[in-house]
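Trainee: The listed protein sequences correspond, in order, to chains Z and E.
Per my numbering, residue 1 is the first one in the first sequence, and the count goes up by one each step.
Per my numbering, residue 1001 is the first one in the second sequence, and the count goes up by one each step.
Hints in this document: simulated from the structure, not taken from any laboratory.
Even glycine gets a Cβ: it sits at the ideal position worked out from N, Cα and C.
Careful: at least some of the hints might be erroneous.
[Said to hold, decoys possible] Under the rule of at most 35 Å between Cα atoms (straight-line distance), these lysine-lysine pairs were calculated in the DSBU-like manner:
id: 1; chain 1: E; residue 1: LYS1018; chain 2: E; residue 2: LYS1271
id: 2; chain 1: E; residue 1: LYS1236; chain 2: Z; residue 2: LYS15
id: 3; chain 1: E; residue 1: LYS1185; chain 2: Z; residue 2: LYS18
id: 4; chain 1: E; residue 1: LYS1231; chain 2: E; residue 2: LYS1271
id: 5; chain 1: E; residue 1: LYS1275; chain 2: E; residue 2: LYS1246
id: 6; chain 1: Z; residue 1: LYS18; chain 2: E; residue 2: LYS1246
id: 7; chain 1: E; residue 1: LYS1275; chain 2: E; residue 2: LYS1236
id: 8; chain 1: E; residue 1: LYS1246; chain 2: Z; residue 2: LYS15
id: 9; chain 1: E; residue 1: LYS1185; chain 2: E; residue 2: LYS1156
id: 10; chain 1: Z; residue 1: LYS15; chain 2: E; residue 2: LYS1231
id: 11; chain 1: E; residue 1: LYS1275; chain 2: E; residue 2: LYS1231
id: 12; chain 1: Z; residue 1: LYS18; chain 2: E; residue 2: LYS1156
id: 13; chain 1: E; residue 1: LYS1018; chain 2: Z; residue 2: LYS18
id: 14; chain 1: Z; residue 1: LYS15; chain 2: E; residue 2: LYS1185
[Unchecked claim] Short derived list, chain E residues pointing at chain Z, Cβ under 7 Å:
id: 15; residue: LEU1124
id: 16; residue: ARG1125
id: 17; residue: ALA1248
Here's the letter readout for the chains.
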Amino acid sequence: MRSLSETGSIITFTKVHKGDGHLPEPYILAVIDLGQGRRVLARLDTDQEVRIGQTAVFAREDENGLIYSVSAQGN
Amino acid sequence: MRPVSIIGAYETRWGVLKERTIHDLLAEAGAGALTNAGLESEAIQFIYLGNAFAETLTGQAALASVAADAIGIPHVPGIRFECACCSGAAALRDAYLHVAAGIYDFVLVAGVEKMNTRPMPEILRAIAASFSQEDQAAGIVAPAVFALYAQAHMAKYGTTRAHLASVAAKNYANGLLNPVAHWRKPVSIDEILASPMIAEPLSRHDCSLVTDGAAALVLCPAESAGRFQTKPINIKASAIAGESYKIACRDSYTSFSSTVRAAAAAYAAAKVGPKDISAAETHDCFTITELINLEDLGFFARGDAAGATQAGFTSRGGALPINVSGGLKAKGHAIGATGVGQVVEAVSQLRGEAGVRQIDHLDLFLTHMLGGAPSVSVVHIFERGY
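Throw the hints in and build the complete structure from the sequences for me.
Mentor: What follows is the structure in structure tokens.
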């Protein structure tokens, strides 16, 4: 399972400025296509501009869920 | 199944109604709809109540019983319907089905919501209960959900923030003419574009309002409607469809598949197509949502709703007036009441009683609600029964 969830392509994303207060704002959410019909919703840990189609790489998991980073090479 | 008519329709003022309780909002809406129908309250056999968040935001549940008490018929049974923003529309659908099936003759449909009871982050958290708990933990709130759709729609079809702003400006302009609307101030495209970001690309003016209000309808068999109401409005079609409630499991990020399927079922039941619809109220929880809805409902080809809106096609004087009430953007979004309030507007327009915002040349009126991720969509089509 881990190999599946390591790398995927960003289908869509948003930078959230006003959430419900349980996460530091702003934060970026993305839907990531992992292939083989699997998709995840994850936070993105990045300072770069995010684009649809970019590659996202599994970084870590915390009590609020998955965190991915954006590949420096983009896609 | 027998034909069903709406013989009474009423809605309260929509807004931040700090002084109002759920009980007295339902008392006003229920009594208003019964008076409008010319029907004694004792004739009501069942109450279908749309509400999404009353336990969390007011501490009151069992709302159909609250409604029965509020309108002076405490022994009349009822059920509260909850499917997020579709709650009111779903209540109407079940009421319609039961009257059409001959189970009841006279029923009340009501929707109510008291939203403005807590600080905004708590209200956002209450609304986010419509999404999966894993998605909530990850930071999903309603604006973020529809922002994900907006980014995908922009990337695929070239939709811009100016296109989104044209939806808000139109609905604000419509709200100016609606005496019950929550927001009755014009807002320019520049002001909309300059408002602070909530979830990119959606800014404050791309988001619907957090509204208190109630609405109610009285339904009966069409064959009995003329005894009470000279202008009964018939329910020509009622349809509902679902989709996953998980954000990562959407069928598409540029279309709401539940709407596509509910609309297809409604058009088939009514034996009409999107070109036969004269006007519609559609769930503009966010500006992008209205544009996607217009494409899902078949009014425009994919990617074309943005340009059509900017060109005035969906304005009050346009070929297909959309959200002439002001929609969720200006009339307001009292979540469990919104789907019922849309139908109050449809009835008012079809009867020719909409005053300064009356649309000419109306034949079929469509209403459409989305709920949750969205995980459900409800479509109704109405026509005159006289």
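Trainee: Hint by hint, which ones does this structure get wrong, listed from lowest number up?
Mentor: Failing hints, ascending: 1, 2, 10.
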